[in-house]
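Please build the complex by placing chain B on the supplied structure of chain A, with the hints as guidance.
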Amino acid sequence: MIEFVMPSLGADMADGTLVEWLKKPGDQVKRGDIIATVETQKGLIDIEVFDEGTIEKLMIAEDTKVPVGTLMALINPEKTIEPQKAIPVVAEEPVIQPTEEKAIPPFVTEHIQVKASPLAKKIAAENNIDLSQIMGSGENGAITRKDIEGAIEQGKLVQEKERSSIVAEPIKEQNISNTLRSAVAAAMSRSNREIPHYFLEKKIDLEKALAWMHEKNKVLPVQKRLLPVALLIKAVASSLKQVPELNAIWDTDLQLKTEINIGFVVSLRNGGIIVPAIHAADLKSVDEIMENLNDIIPRARALRLRSSELSDSTVTITSIGDGGADLVYGIIYPPQVAIIGFGSISEQAFAENGLLGVRPMVRVSLAGDHRASDGLSGSRFLVTLNNHLQNPEAL
Amino acid sequence: MIKEELEKNIFQLLKKIAPETEPSELSPTENIREALGIDSYDFLQFIIALDEKLKIEIPEQDYGKITSLNSLTDYLINKPK
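Residue numbers (UniProt numbering), protein chains in the order written: chain A, 1 to 395; chain B, 1 to 81.
Some hints could be false.
[Said to hold, decoys possible] Among the chain B residues that face chain A by a calculated CB cut under 10 Å, a handful are:
| hint | residue |
| --- | --- |
| 1 | E20 |
| 2 | E22 |
| 3 | S24 |
| 4 | E34 |
| 5 | G37 |
| 6 | I58 |
FYI, nobody ran anything at the bench for these hints, they're computed from the structure.
Idealized CB from N, CA, C, for every residue including glycine.
Same shape as in the complex, but just chain A (with noise of 0.2 Å):
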C-alpha cells in the first residue's frame, strides 16, 4: 500500500488545510492527478499525487489542519480494476469523520433512475445539470423542462451569490496577502541564518538576443509574444547544464539535481511574491517557456498553483524588468543553492574592440550557496550564460 503522505511546498510550510478531496475511495489515479486542494500560505493550492494506483482509503477530514507529512490516503498500487468492481471495498469510514455537509458524494448517482421528459433530458444535457440532483414536479415525480429550468436559473442565482460573496470579503484577501509575507519572512530569514551567501556579477550584452526575439515577434500572433525573461530563462537552464552544482540542493550535503526546474519569482499586486517552478526548462524552447509563463504568472498571482510547481524548484530566478532597478541580489530559497538575478534592460555605453557604442545592457547576480559551490563555479555559470545569449538562435 503506497502511504500519500501531505506534502511540503517548500522550506517555510510547516501545514495546510485541507479543503476538499477531489477523489474518493475506489477512484483509479494516476501520476500528475489532483487528489485534493489544501489551503496554505501561498493560496488554495492543488495538491497532485505521484503514485498510480486505486484510492484505498481517505484518512483526513476535510476543514483538518495537516502537518507536512502526515499521512493523507491509502492508495493500493495493485489494483487496477474498474472503479465499479472497486466500490464494494468501499473503505471502512474514513478514520476523522468528515463534517456531514461535505460528506463524499455517493458513488451511484448516475446510476439512479431518474424520470424526465426527452425535452427535460436534452435540455439536462445542454446545460451541465445533473437530473439525479432535481425534484420532479411531473407526473410520479418526473422533471419536466419548467424544472431544468428553474434549476438554471437557480445555479445563475448561486454564482452570482458566489461571486458577490467573494468581492464582499476584502479581509480575507488581506489575510492571505500576511500569511504570504509571513511565508516569505520564514524562508528568507532560514537562508539568511544558514546559507553563507557569495556573490557575483556580470554585464550582459543583449543587442543579439533582442534583436533575434524582435524578429521572431514580427510574425508570431500577438498572444505568442516573447518577453526577453523567456530567453533569460532559457539561457540560465542552458547554462545550469554546464555548471550543475548550482543546479541542486544542500540537505547536510550537495545533491545535484537532473532535472532542471526554475523557480521563477512572480510579484504579487498587493505586495508578496510567488515562486513557481518552470519544469524541465533545459528541454523547453524558447516559444515553450514563453508559453508555460503565460499559463503560470496568471495562476500564481491567483494563488492557484499546483504543488509540483511549488515544490519542486532546483533553482530561482529573479527579474526586475523593464525601468526598474539596474541590479538585484537574490537571498536563495533554501534548500536550493543558487539565484540569479536580473536588473533591469537598459542602454548603456559599450566598449568592444577599442570602439565605444550603446547596447542594451543587463546587470546579472549570482548569489551561491558557499557550502555547495565557490566563486570560480559562479564565474563559470555567468560567461557561460553570456555566451548563450550571444548566440540566441542557438537557445
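This is chain B only, laid out in the frame that chain A set:
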C-alpha cells in the same frame, strides 16, 4: 472611434490588469506603466487585450509610442487598420 469611447475601453482593460488602481484618474501625459505599476508581462496582456477588443494590433517597435494616455489614444485613432 471617438476619443472618449476609446479612453473608456482603455480604462476598462487597465482596470482588469491593475484592479486596485483607478486608471480613469491618470493624467493625459503621465507614463501609464509607471503610474499603475504595470510590469512587462502585464503590459503585454494589455496589448493582447487591445488587439482582441479593438482589433488593433500594435507591433513591438511601436511600444515606445504609446506610453501615456494621450499618445496611446492618438496612436489608436491614427493607426490604419
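Taking the hints in turn, this is what the structure says about them:
1. E20: At about 6 Å, which falls below the 10 Å cut-off, the nearest Cβ of chain A leaves the hint on E20 (chain B) intact, so it holds.
2. E22: violated (14 Å)
3. S24: violated (18 Å)
4. E34: Holds - the Cβ of E34 (chain B) comes within 10 Å of chain A, reaching about 7 Å at its closest.
5. G37: holds (7 Å)
6. I58: Where the cut-off is 10 Å and the nearest Cβ of chain A is about 8 Å from I58 (chain B), the hint holds.
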